[in-house]
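Participant: Since chain A is already given, all that's left is putting chain B on it; use the hints.
Chains A and B, in that order, give the protein sequences.
Taking my numbering, the leading residue of the first sequence gets 217, the next gets one more, and so forth.
Taking my numbering, the leading residue of the second sequence gets 217, the next gets one more, and so forth.
Any given hint could be a false lead.
Same chains, same names: a pair is fine if it fits in one copy or spans any two.
List of simulated lysine-lysine pairs, BS3-like, C-alpha gap at most 30 Å [to be verified]:
hint, residue 1, residue 2
1, 294, 219
2, 326, 368
3, 312, 362
4, 286, 383
5, 263, 326
6, 317, 382
7, 312, 378
8, 292, 368
9, 293, 282
10, 379, 292
11, 378, 282
12, 368, 383
13, 312, 263
14, 370, 286
15, 370, 293
16, 292, 362
17, 293, 362
18, 368, 378
19, 292, 382
20, 317, 293
21, 282, 370
22, 294, 370
23, 286, 379
24, 292, 378
Bear in mind the hints are in silico, worked out from the structure with no lab data behind them.
Protein chains: 2
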Amino acid sequence: MPKISVLRLSHRIPRDERTTTHVALVARAFGADEIIYTGQRDSGLEKSINELVTLWGGEFSISYEKSFRKVISEYKKKGYSIVHMTMYGVDVDSTKISEDKILVIVGSEKVPAEVFELADYNVAVKNQPHSEIAALAILLDRLDVKRTFDGKLKIIPSSRGKKILKKE
Amino acid sequence: MPKISVLRLSHRIPRDERTTTHVALVARAFGADEIIYTGQRDSGLEKSINELVTLWGGEFSISYEKSFRKVISEYKKKGYSIVHMTMYGVDVDSTKISEDKILVIVGSEKVPAEVFELADYNVAVKNQPHSEIAALAILLDRLDVKRTFDGKLKIIPSSRGKKILKKE
Numbered sequence: 217m218p219k220i221s222v223l224r225l226s227h228r229i230p231r232d233e234r235t236t237t238h239v240a241l242v243a244r245a246f247g248a249d250e251i252i253y254t255g256q257r258d259s260g261l262e263k264s265i266n267e268l269v270t271l272w273g274g275e276f277s278i279s280y281e282k283s284f285r286k287v288i289s290e291y292k293k294k295g296y297s298i299v300h301m302t303m304y305g306v307d308v309d310s311t312k313i314s315e316d317k318i319l320v321i322v323g324s325e326k327v328p329a330e331v332f333e334l335a336d337y338n339v340a341v342k343n344q345p346h347s348e349i350a351a352l353a354i355l356l357d358r359l360d361v362k363r364t365f366d367g368k369l370k371i372i373p374s375s376r377g378k379k380i381l382k383k384e
Numbered sequence: 217m218p219k220i221s222v223l224r225l226s227h228r229i230p231r232d233e234r235t236t237t238h239v240a241l242v243a244r245a246f247g248a249d250e251i252i253y254t255g256q257r258d259s260g261l262e263k264s265i266n267e268l269v270t271l272w273g274g275e276f277s278i279s280y281e282k283s284f285r286k287v288i289s290e291y292k293k294k295g296y297s298i299v300h301m302t303m304y305g306v307d308v309d310s311t312k313i314s315e316d317k318i319l320v321i322v323g324s325e326k327v328p329a330e331v332f333e334l335a336d337y338n339v340a341v342k343n344q345p346h347s348e349i350a351a352l353a354i355l356l357d358r359l360d361v362k363r364t365f366d367g368k369l370k371i372i373p374s375s376r377g378k379k380i381l382k383k384e
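If we strip away everything but chain A, and leave its shape as in the complex, we get (with noise of 0.2 Å):
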C-alpha cells in the first residue's frame, strides 16, 4: 500500500476554511496517511479534522508548517515523489505514478513558479478551472488505496434513507 500525504499550500482563514477542510477529509478517505497545511495556522480546521478523525477512525493527522520548501525537501530526502495537482499539468491519465511514496501537493490561490519546478510530475485533471478537492480525488482514486476505517460510526449503505452504526 503506497504511503500519500497531502500538502496544502497557503491556507487563508477565513477564506479557505471549508475548501481546506474538504481536501483534508478528501486526502484522508481516499487512503492519504496525513495532510499538511502551510499558509495561517489554524487551530479551528485541526481541531474539526481530529474529532472526525476520533469519530469516524483512521491514522490520519494534520499539521502544520510554515515553509513549503522545507516539506517538499524533507520528504524528497524521505523518498517521496513530488506529484503537484495544477490544470497545466499533463493529464492524470496518461501519468504513470507507481512509487510507492508519495506527496501531493494542491495549491488554493496563486501557486509559486518554483512548485512547478520542484515537482516530479505536475498533473492534471480535464486541463480545465474546476476544484483543487475534485482534482485531489481524482489523483487518489486511481492511484486506488484500499483504506478501511474502524471508528466509533460506520455507515451500512443503504438504498434509501441513513443506517449507522455506532459503538460504544
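Facilitator: Structure of chain B alone, referenced to chain A:
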C-alpha cells in the same frame, strides 16, 4: 452522450460561495450541461460562472430555482433519472447508471429526508464524510462524458510551467 444536470441544494451566502463555485466548475469540467441551485440567490456566483464559461468555452449554464421539489418533479417529467449523492448511499462502483438523462443532486448542510425518497439512486463515494465536490467529480468521472471546450483560453498540457493559448 448523456444529458446531465446538477442540482445544488441550499446555497448560503457567504458560507457556500466557494464550495458552490467548485461544484459548478466540476459540473462543467466533467461534462454536465448545467447547474441549478436552490437556497439563497447569488448574483456574484452566477456572474463568475458565466464569465468563466465565456473565457473557457462550452455550453454550460447556471440558474436559480426556489424549490428543489419543483426541479425534481419537472426533471422526472422530462425523463431524467434522479441521482442523489450522499455518504449514506450505495457505493458508486456498485451502482449501474445507464440512463441518458440524469439529474445529480448534491447537498450542502443537512439534506431533507424527502430527497432520499425522491431519488432513483442514493449513491455514495466511500461511505465516509468528505466533500460533495469530490463525490460529484467521481460520479461524473464514472459516467465518462467526453466534452470538448472551445473557449478563448486553452491549456497546452505541460510537464513544467504554464502553457496557455489565447484566441483573439
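Participant: All hints, please: hold or fail.
Facilitator: Each hint tested on the structure:
Taking the shortest Cα distances, residue 294 and residue 219 sit within 30 Å of each other inside one copy (11 Å), while across copies they are farther apart (47 Å). Taking the shortest Cα distances, residue 326 and residue 368 sit within 30 Å of each other only across copies (21 Å), while inside one copy they are farther apart (39 Å). For the identical chains of this complex, residue 312 and residue 362 are neighbours both inside a copy (19 Å) and across copies (21 Å), given an alpha-carbon limit of 30 Å. Neither within a single protomer nor between protomers do residue 286 and residue 383 lie at most 30 Å apart by alpha-carbon distance, with minima of 40 Å and 39 Å respectively.
For the identical chains of this complex, residue 263 and residue 326 are neighbours both inside a copy (26 Å) and across copies (21 Å), given an alpha-carbon limit of 30 Å. With identical chains, the CA atoms of residue 317 and residue 382 are never at most 30 Å apart, being 34 Å at best within one copy and 37 Å at best between copies. In this homomeric assembly, residue 312 and residue 378 come within 30 Å of each other (Cα to Cα) only across copies, at 21 Å, whereas the closest approach inside a single copy is 38 Å. When the C-alpha separation of residue 292 and residue 368 is checked against a cutoff of 30 Å, the pair qualifies neither within a copy, at 35 Å, nor between copies, at 38 Å.
Proximity of residue 293 and residue 282 under a CA criterion of 30 Å is satisfied intra-copy only: 18 Å inside one chain copy versus 54 Å between copies. Taking identical chains as interchangeable, the C-alpha atoms of residue 379 and residue 292 lie at most 30 Å apart only when they sit on different chains, with a minimum of 26 Å there against 43 Å within one chain. In this assembly of identical chains, the alpha carbons of residue 378 and residue 282 lie at most 30 Å apart only when taken from different copies (26 Å versus 41 Å within one copy). Taking the shortest Cα distances, residue 368 and residue 383 sit within 30 Å of each other inside one copy (5 Å), while across copies they are farther apart (55 Å).
In this homomeric assembly, residue 312 and residue 263 never come within 30 Å of each other (Cα to Cα): the closest approach is 35 Å inside a single copy and 38 Å across copies. For the homomeric pair residue 370 and residue 286, neither the shortest alpha-carbon distance inside one copy (37 Å) nor that between copies (33 Å) is at most 30 Å. In this assembly of identical chains, the alpha carbons of residue 370 and residue 293 never lie at most 30 Å apart, being 37 Å within a copy and 36 Å across copies at closest. Taking CA atoms no more than 30 Å apart as the test, residue 292 paired with residue 362 passes inside one copy only; the shortest distance there is 24 Å, against 36 Å between copies.
Only within a single protomer do residue 293 and residue 362 lie at most 30 Å apart by alpha-carbon distance; the minimum there is 26 Å, versus 40 Å between protomers. With identical chains, the CA atoms of residue 368 and residue 378 are at most 30 Å apart within one copy only, with a shortest distance of 16 Å there and 45 Å across copies. Taking the shortest Cα distances, residue 292 and residue 382 never come within 30 Å of each other, neither inside one copy (41 Å) nor across copies (36 Å). Taking the shortest Cα distances, residue 317 and residue 293 sit within 30 Å of each other inside one copy (11 Å), while across copies they are farther apart (50 Å).
In this assembly of identical chains, residue 282 and residue 370 lie within 30 Å of each other by CA distance neither inside one copy nor across copies; the values are 35 Å within and 34 Å between. In this assembly of identical chains, the alpha carbons of residue 294 and residue 370 never lie at most 30 Å apart, being 34 Å within a copy and 37 Å across copies at closest. Proximity of residue 286 and residue 379 under a CA criterion of 30 Å is satisfied inter-copy only: 27 Å between copies versus 44 Å inside one chain copy. For a Cα distance limit of 30 Å, the shortest separation of residue 292 from residue 378 across copies, 23 Å, qualifies, whereas the shortest one inside one copy, 43 Å, does not.
Of the numbered hints listed earlier, those contradicted by the structure are 4, 6, 8, 13, 14, 15, 19, 21, 22.
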